[in-house]
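Generate the whole structure from the sequences, applying the supplied hints.
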Amino acid sequence: MIRIEHLQKKFGNSEVLKDINFKVEKNDVVVIIGPSGSGKSTLLRCVAKLENATSGDIFFNDTKMTEEDHKLCELKGKLGMVFQHFNLFPNLTVLQNVTLAPILVKKIDKKEAGKDAKYLLDLVGLKEKADAYPHSLSGGQKQRVAIARSLAMHPQLMLFDEPTSALDPEMVGEVLQVMKKLANEGMTMIIVTHEMGFARQVSDRVLFMDGGHIVEENTPDELFDHPVHQRTQDFLAKVLV
Amino acid sequence: MTSFNFQLVIDYLPYFFKGIIYTIGFSIASIVLGTVLGLLIALGKMLPNKLLAAPFKGYVGLFRGTPLLVQILVINFGVVPLILGKSNSIVAGILALSLNSSAYIAEIFRSGIQAVSEGQGEAAATLGLTPNQTMLHIILPQAVKIILPPLGNEFISLIKDSSLASVISAPEVTYWAQAMNAQYYRVWEPYLTSGLIYLILTLSISSILHSVERRLSVND
Chain A
1 MIRIEHLQKK FGNSEVLKDI NFKVEKNDVV VIIGPSGSGK STLLRCVAKL
51 ENATSGDIFF NDTKMTEEDH KLCELKGKLG MVFQHFNLFP NLTVLQNVTL
101 APILVKKIDK KEAGKDAKYL LDLVGLKEKA DAYPHSLSGG QKQRVAIARS
151 LAMHPQLMLF DEPTSALDPE MVGEVLQVMK KLANEGMTMI IVTHEMGFAR
201 QVSDRVLFMD GGHIVEENTP DELFDHPVHQ RTQDFLAKVL V
Chain B
1 MTSFNFQLVI DYLPYFFKGI IYTIGFSIAS IVLGTVLGLL IALGKMLPNK
51 LLAAPFKGYV GLFRGTPLLV QILVINFGVV PLILGKSNSI VAGILALSLN
101 SSAYIAEIFR SGIQAVSEGQ GEAAATLGLT PNQTMLHIIL PQAVKIILPP
151 LGNEFISLIK DSSLASVISA PEVTYWAQAM NAQYYRVWEP YLTSGLIYLI
201 LTLSISSILH SVERRLSVND
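Chains A and B supply the protein sequences, listed in that same order. Note that full-length UniProt numbering has the first sequence beginning at 1, numbered continuously upward. Note that full-length UniProt numbering has the second sequence beginning at 1, numbered continuously upward.
Treat the hints as calculated values from the structure; they're not laboratory data. Please note: incorrect hints may appear among the correct ones.
Claimed, not checked - Straight-line distance between alpha carbons at most 30 Å, and here's what the computed DSS-like set of lysine-lysine pairs gives:
hint, chain 1, residue 1, chain 2, residue 2
1, A, 71, B, 160
2, B, 45, A, 10
3, A, 111, B, 145
4, A, 118, B, 145
5, A, 111, A, 64
6, A, 129, B, 45
7, B, 45, A, 76
8, B, 50, A, 64
Unchecked claim - To spell it out: a stretch of chain A is covered by chain B in this simulated footprint if at least three of its residues, at any positions, have a beta carbon under 8 Å from a beta carbon of chain B; those stretches are:
hint, segment
9, 85–91
10, 95–105
11, 147–154
For each residue, glycine too, the CB sits at the ideal point set by N, CA and C.
This is the structure:
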């Protein structure tokens with residue numbers, strides 16, 4: 001579904017991503033872990049086309065996303081993204097946040113979109129908040145609305161950029177629960193996270209990144225229990241206390 | 001102050017009322033035109049293509065960098081006769097005030113649009129919204145809320161600046177105050193009365209904007 005070949009990303013003179021290669025197949029759940037500044041988020045943002053790659057190619061269902069004139073809005077939400085800071089639209093209610101893109105982009109009629117949105121809000125456990133504004137929600141609730149908002153476009157792939165990093169510890173569980181539900185339903189996902197326990201439970205493969213490289217890639221059990229590289233061992237020793 | 005003659009003011013009230021109609025007319029027309037034009041110029045200034053953005057930058061520089069009084073004179077005696085064949089103080093007044101305020105309002109809009117967090121545009125783009133849809137449905141509604149206080153300042157300035165149209169004999173409040181001064185050789189009555197009229201107008205618009213601000217901040 002996603003194929004990345006020799007991806008390189010530079011900001012000015014600093015090379016943030018160096019020769020990244022990997023593939024994600026349909027129904028895969030891939031988790032990317034690694035220290036801050038290792039390029040995890042930049043990689044995700046390149047896949048989402050929020051950053052333009054300096055060189056190399058990203059294919060999404062054989063569409064070359066790295067083509068200069070390829071615009072993000074042409075994907076029409078097929079590639080959903082959930083952000084660390086939620087980025088809900090504060091001027092719209094929860095329901096409007098979820099229905100906006102289906103109505104504007106997919107031209108679905110308002111009633112239909114509303115029905116679908118209610119179903120999705122129910123899925124993330126927030127049906128009763130449909131008419132609330134984002135400011136009245138907790139962080140965990142905001143993130144669950146953001147997930148519902150992405151799902152409303154029925155994406156083929158969901159990208160999660162540290163979805164629980166900005167949350168109070170108490171709120172982390174409710175968001176991970178929703179993501180687990182999605183994984184079990186066969187959603188294809190790439191997740192950047194620091195939640196190692198969650199990574200292990202939910203993923204088919206784990207990528208460990210450091211210094212702009214993918215250092216190690218393996219099944220979660222292998223990577224967490226028998227890390228091959230010294231750098232991976234050091235990192236895991238520090239985070240898995 | 002040699003005893004303020006209220007009777008004189010009352011006698012002259014019909015003219016002041018005429019002036020108020022023109023002052024309000026000038027202000028409303030220029031606020032509406034200046035805001036619409038200001039938004040378009042702000043969007044033009046933010047075009048990614050530097051060459052396309054240049055004329056909009058030049059426009060803002062020109063109208064902010066020259067005195068409004070000079071603009072009024074040039075437009076009344078130069079531009080309007082060129083277009084209409086004769087000078088027309090009302091058209092010239094509205095045109096000058098709108099063009100001038102639009103330069104300031106453009107900068108206010110730009111600051112508001114840029115103050116909306118980048119994440120908003122990113123979220124909208126990943127959902128498949130086009131840049132235009134994002135601007136219209138996500139960025140502008142949030143920007144308007146941010147810029148309401150500075151926009152209010154600009155509207156108040158505009159109401160007061162409409163008094164400059166008196167130099168081209170547009171029959172607004174200051175024009176009639178000067179006429180009253182000339183007719184009765186009185187200073188306090190005409191000018192204090194005109195000052196009070198402007199004060200009432202500016203206080204009214206600021207209270208209107210205040211209530212709009214309160215209504216919009218409900219979702220904060």
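Quiz item: Which of the numbered hints are not met once you compare them with the structure shown?
Solution: Going through the list in order, the structure violates hints 1, 5, 6 and respects the others.
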